[in-house]
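K.L.:
Take the sequences, apply the hints, and build the full model.
There are 2 protein chains.
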Amino acid sequence: MRRLPLTLLAASLALATGIASAADKATVIPQAAVKTAEQLRDKAMDDNTGYKIVESLTTEVGARIAGGPNDQRARDWAVAKFKELGYDKVYTETVTYPLWERRSEHAEIVAPFPQSLSLIALGYSAGTPKGGLTAEVVKFDSLDALKKADPASVKGKIVYVTVHMERHKDGHDYGMGSGVRVGGPVIAAKMGAAGFLLRSAGTDAHSRTPHTGVTGFRDPKDAIPAAALSNPDADQLDRVLAYGKPVKVKLDLDVGFNGSYTGANVIGEITGKKHPDQVVAIGGHLDSWDPGTGAIDDGAGVAIAMAAGKMIRDLPQRPDRTIRVIAFANEEMGLWGGRAYADKHAADVGKHQLGTESDFGARKIWRMTASVKPSAVGAIEQIAKVIEPVGVAYDAKRPGGGGSDLSQMHGKGMAALTLTQDGTDYFDYHHTANDTLDKIDPKELAQNVAVYAAFSYMAAQADGDFGSAPGAFAKDGASD
Amino acid sequence: MRRLPLTLLAASLALATGIASAADKATVIPQAAVKTAEQLRDKAMDDNTGYKIVESLTTEVGARIAGGPNDQRARDWAVAKFKELGYDKVYTETVTYPLWERRSEHAEIVAPFPQSLSLIALGYSAGTPKGGLTAEVVKFDSLDALKKADPASVKGKIVYVTVHMERHKDGHDYGMGSGVRVGGPVIAAKMGAAGFLLRSAGTDAHSRTPHTGVTGFRDPKDAIPAAALSNPDADQLDRVLAYGKPVKVKLDLDVGFNGSYTGANVIGEITGKKHPDQVVAIGGHLDSWDPGTGAIDDGAGVAIAMAAGKMIRDLPQRPDRTIRVIAFANEEMGLWGGRAYADKHAADVGKHQLGTESDFGARKIWRMTASVKPSAVGAIEQIAKVIEPVGVAYDAKRPGGGGSDLSQMHGKGMAALTLTQDGTDYFDYHHTANDTLDKIDPKELAQNVAVYAAFSYMAAQADGDFGSAPGAFAKDGASD
Numbered sequence: 001m002r003r004l005p006l007t008l009l010a011a012s013l014a015l016a017t018g019i020a021s022a023a024d025k026a027t028v029i030p031q032a033a034v035k036t037a038e039q040l041r042d043k044a045m046d047d048n049t050g051y052k053i054v055e056s057l058t059t060e061v062g063a064r065i066a067g068g069p070n071d072q073r074a075r076d077w078a079v080a081k082f083k084e085l086g087y088d089k090v091y092t093e094t095v096t097y098p099l100w101e102r103r104s105e106h107a108e109i110v111a112p113f114p115q116s117l118s119l120i121a122l123g124y125s126a127g128t129p130k131g132g133l134t135a136e137v138v139k140f141d142s143l144d145a146l147k148k149a150d151p152a153s154v155k156g157k158i159v160y161v162t163v164h165m166e167r168h169k170d171g172h173d174y175g176m177g178s179g180v181r182v183g184g185p186v187i188a189a190k191m192g193a194a195g196f197l198l199r200s201a202g203t204d205a206h207s208r209t210p211h212t213g214v215t216g217f218r219d220p221k222d223a224i225p226a227a228a229l230s231n232p233d234a235d236q237l238d239r240v241l242a243y244g245k246p247v248k249v250k251l252d253l254d255v256g257f258n259g260s261y262t263g264a265n266v267i268g269e270i271t272g273k274k275h276p277d278q279v280v281a282i283g284g285h286l287d288s289w290d291p292g293t294g295a296i297d298d299g300a301g302v303a304i305a306m307a308a309g310k311m312i313r314d315l316p317q318r319p320d321r322t323i324r325v326i327a328f329a330n331e332e333m334g335l336w337g338g339r340a341y342a343d344k345h346a347a348d349v350g351k352h353q354l355g356t357e358s359d360f361g362a363r364k365i366w367r368m369t370a371s372v373k374p375s376a377v378g379a380i381e382q383i384a385k386v387i388e389p390v391g392v393a394y395d396a397k398r399p400g401g402g403g404s405d406l407s408q409m410h411g412k413g414m415a416a417l418t419l420t421q422d423g424t425d426y427f428d429y430h431h432t433a434n435d436t437l438d439k440i441d442p443k444e445l446a447q448n449v450a451v452y453a454a455f456s457y458m459a460a461q462a463d464g465d466f467g468s469a470p471g472a473f474a475k476d477g478a479s480d
Numbered sequence: 001m002r003r004l005p006l007t008l009l010a011a012s013l014a015l016a017t018g019i020a021s022a023a024d025k026a027t028v029i030p031q032a033a034v035k036t037a038e039q040l041r042d043k044a045m046d047d048n049t050g051y052k053i054v055e056s057l058t059t060e061v062g063a064r065i066a067g068g069p070n071d072q073r074a075r076d077w078a079v080a081k082f083k084e085l086g087y088d089k090v091y092t093e094t095v096t097y098p099l100w101e102r103r104s105e106h107a108e109i110v111a112p113f114p115q116s117l118s119l120i121a122l123g124y125s126a127g128t129p130k131g132g133l134t135a136e137v138v139k140f141d142s143l144d145a146l147k148k149a150d151p152a153s154v155k156g157k158i159v160y161v162t163v164h165m166e167r168h169k170d171g172h173d174y175g176m177g178s179g180v181r182v183g184g185p186v187i188a189a190k191m192g193a194a195g196f197l198l199r200s201a202g203t204d205a206h207s208r209t210p211h212t213g214v215t216g217f218r219d220p221k222d223a224i225p226a227a228a229l230s231n232p233d234a235d236q237l238d239r240v241l242a243y244g245k246p247v248k249v250k251l252d253l254d255v256g257f258n259g260s261y262t263g264a265n266v267i268g269e270i271t272g273k274k275h276p277d278q279v280v281a282i283g284g285h286l287d288s289w290d291p292g293t294g295a296i297d298d299g300a301g302v303a304i305a306m307a308a309g310k311m312i313r314d315l316p317q318r319p320d321r322t323i324r325v326i327a328f329a330n331e332e333m334g335l336w337g338g339r340a341y342a343d344k345h346a347a348d349v350g351k352h353q354l355g356t357e358s359d360f361g362a363r364k365i366w367r368m369t370a371s372v373k374p375s376a377v378g379a380i381e382q383i384a385k386v387i388e389p390v391g392v393a394y395d396a397k398r399p400g401g402g403g404s405d406l407s408q409m410h411g412k413g414m415a416a417l418t419l420t421q422d423g424t425d426y427f428d429y430h431h432t433a434n435d436t437l438d439k440i441d442p443k444e445l446a447q448n449v450a451v452y453a454a455f456s457y458m459a460a461q462a463d464g465d466f467g468s469a470p471g472a473f474a475k476d477g478a479s480d
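Heads up: the sequence lines are chains A and B, in that order. Once you know that position 451 of the first sequence is 451 in the UniProt record's numbering, the rest is easy, because the numbers rise by one and skip nothing. Once you know that position 90 of the second sequence is 90 in the UniProt record's numbering, the rest is easy, because the numbers rise by one and skip nothing.
To be clear, the hints were calculated from the coordinates, so they are not data collected in a lab. Please read these numbers as outputs of a predicted model, since none were measured by experiment. Hints are all accurate, no fakes.
Simulated restraints, written as ranges between beta carbons of each label pair:
#1 Ala111/B to Glu38/A: 39 to 49 Å
#2 Pro246/A to Arg239/B: 44 to 54 Å
#3 Ala145/A to Ser260/B: 48 to 58 Å
#4 Asp254/A to Gly183/B: 32 to 42 Å
#5 Ser104/B to Ala111/A: 16 to 26 Å
#6 Thr92/A to Lys155/B: 43 to 53 Å
#7 Thr262/B to Asn48/A: 53 to 63 Å
#8 Glu38/A to Tyr243/B: 33 to 43 Å
#9 Asn48/A to Ala396/B: 48 to 58 Å
#10 Pro246/A to Asp88/B: 30 to 40 Å
#11 Asn48/A to Asp343/B: 55 to 65 Å
#12 Asp24/B to Asp238/A: 51 to 61 Å
#13 Asp144/A to Thr262/B: 49 to 59 Å
Partial list, computed: chain A residues near chain B (C-beta under 8 Å):
#14 Thr59
#15 Arg208
#16 Thr209
#17 Ala433
Beta carbons: idealized from backbone N, C-alpha and C, even for Gly.
P.N.:
In structure tokens form, the structure reads like this:
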């Protein structure tokens with residue numbers, strides 16, 4: 001998933017800004033680098049390296065829930081793929097997180113009209129007692145309505161929250177949908193509810209494929225059973241409730257916390273020849289949710305970044321700075337890989353020239369935003385000019401947050417971009433069984449690689465930096 | 001499902017014809033009846049009775065596999081609904097058939113790339129041994145390729161046949177797709193295969209919702225495990241096979257024959273005032289496949305026919321002939337309800353004025369075809385004129401087969417229509433979890449009711465018959 005910072009959506013349109021003084025010497029991308037970036041861009045547009053990578057990951061590894069049976073296989077795949085692509089340095093950095101497992105899940109309406117329901121347990125949900133949990137359903141049309149409810153009216157019941165997400169190019173309804181999914185179970189649990197259901201945070205109104213995703217539970221002792229109904233199942237439950245009779249649902253979720261797990265971020269580098277210790281950080285997350293094969297979320301992101309690095313590696317000589325491609329561990333259950341990376345590299349934030357992660361699918365990038373120091377805005381405009389011919393518009397009025405995991409490094413002070421894909425249908429498939437390779441158009445994916453290769457190379461060759469420093473960009477509205 | 005007679009598609013464009021002599025007195029619909037039919041049509045176009053019926057069935061009963069836990073509930077619902085709608089006579093006729101049950105199903109690729117597969121067992125499939133069946137997959141691109149294979153090459157293996165269905169308004173690719181599903185398992189079993197898989201007979205290229213449906217197995221001792229992969233899972237299996245390594249799949253299907261079951265066709269009648277023993281027979285089938293709620297297949301058909309009868313019942317006086325609405329038992333596993341009806345009523349075939357069943361979804365009807373005696377073609381043209389304003393074209397060059405179950409009565413000699421809905425997206429949802437109420441547009445359903453009400457009434461009021469007689473229409477190409 002990609003995080004959509006609510007603060008950004010709600011209010012902040014602050015211009016990109018850093019703590020550095022505006023009197024700094026302007027950062028400039030040398031003309032030779034601009035020309036090479038244009039060539040990289042054009043070559044990448046006709047190259048299928050990115051598609052081959054995501055095809056390989058989703059076919060050979062498939063679904064890869066963090067800590068699950070394919071976690072180690074995915075890391076092995078990533079190490080081997082970086083090596084096969086000719087990366088100079090390949091290594092891993094461990095990431096430890098709570099292990100949450102899904103074993104099986106079933107649900108049914110018990111009364112008044114017995115029938116099964118298609119649902120999926122949410123990350124960090126508790127399991128139900130053996131034999132299932134049967135309770136009456138109490139419905140709310142918003143999270144606010146739940147918050148305002150009398151706790152006595154939900155105690156011992158299954159709270160059901162139904163909000164509808166609509167398709168948007170920037171996917172902004174996910175702020176609302178994921179808000180219900182993350183916050184709803186926690187609120188319901190505190191009010192004494194026995195369980196929690198939501199209408200999936202997804203825009204596919206007609207698919208019986210529920211959308212999973214993480215809840216706000218972090219401690220097993222706080223968790224209650226929580227699951228998402230597919231949109232048609234939520235419609236059905238709404239219709240059954242409309243009869244005005246008490247509706248009882250049985251949840252049978254064999255899921256839950258199971259100790260901790262140590263995985264790893266897998267990192268590949270194209271070593272800079274002039275400033276090997278300075279890095280342009282790009283990446284995606286290697287874990288996926290388990291029902292699909294994690295093609296758009298986030299095999300695509302890993303593939304885009306890996307392929308962009310590979311395009312740069314194939315140049316006659318290495319770039320001035322290092323291109324660091326990070327395949328993050330366990331983004332899905334709370335940015336564990338991103339937080340581990342930021343904790344480990346916080347002291348090196350100033351060495352991070354510029355960074356961003358791809359985690360919003362594989363459709364064409366249409367917008368670039370940036371959080372850089374004022375004296376680097378000219379360099380961003382140079383980048384914008386190179387990627388404008390492939391359909392990317394620079395929006396100078398919004399900050400760049402660095403994407404999901406790298407938002408954590410941006411939070412530490414790393415200058416960051418956000419490169420926004422067309423997310424119109426992203427939430428049709430996101431976190432469902434339908435997140436499979438067929439959702440990726442190789443040509444659209446190639447455009448992503450072109451943009452990542454061009455910007456990464458230009459950042460690596462820049463004469464000057466973008467303002468990364470401890471504590472920079474703290475108030476740009478992109479970090480939360 | 002609707003049967004698409006291969007003979008019709010392949011060759012026969014014979015004009016509608018019966019055994020009666022062309023010198024018969026022409027059948028004519030009186031002008032008063034034409035006028036009433038026009039009023040019925042216009043009223044029905046703005047009426048939501050049909051939608052309310054299918055909403056009630058799919059909400060209150062839900063999925064209703066023949067012989068399953070909801071079979072009796074569905075029959076109770078139908079009896080109660082006929083009565084609620086004011087039908088004059090409501091009764092049931094028993095139908096006995098082999099009971100086939102689905103309890104659970106799982107599958108995974110075991111080697112070379114372990115991962116789960118989304119699949120659904122097919123009707124009359126055998127179960128696998130406890131603990132599952134693991135075998136190598138051998139792939140065929142057509143049923144012909146399988147037939148031509150050396151049996152030694154498939155013995156003990158899982159035969160996998162992959163053909164792609166495309167969307168068409170008349171749904172004609174289903175002839176090919178269902179041919180693989182029905183015939184493939186039988187051929188594979190005879191060749192000594194351990195199991196059978198197919199790419200779903202469905203046109204939804206991007207949904208992880210496999211399409212079930214019946215196989216050609218009729219005797220438990222001939223059956224092997226047989227299941228359908230969703231289209232994206234078939235794509236995945238194709239990709240894995242393309243690596244050229246042996247591919248092993250584990251099937252774990254807890255399904256199978258379990259004795260026999262006696263259900264019933266549920267029948268409601270609006271009694272004719274002049275010729276109560278002569279019937280216009282319309283209907284749909286009450287059973288559905290189990291993953292969805294059977295909205296388009298075939299709650300819609302039941303609702304269209306029930307609502308059409310109700311519209312006629314609400315006229316100031318009863319029609320001349322009886323309107324008989326039949327909610328058939330177990331169409332899905334081999335027209336059991338239709339065959340039982342035809343066997344029971346064969347001697348009365350001459351009393352069946354005209355008939356047809358709706359079993360191709362709920363989109364607008366765009367074509368009418370007819371199998372009637374030559375001297376009744378003028379009356380069919382009168383019907384055509386009444387339904388043309390709501391978008392139905394009369395194709396005089398093709399026979400009318402009576403729909404799925406009523407094809408059996410047509411086979412006995414009943415004059416029949418076929419009223420063809422727009423099936424462009426029908427095979428996206430058919431026999432899947434996605435066959436739910438949200439796939440029905442109330443306005444389009446109302447058009448169906450308008451057409452059924454208008455034609456049924458006109459047939460009931462006709463001065464003369466349409467040629468029903470034992471053995472009539474045997475060579476019209478519509479029956480198989």
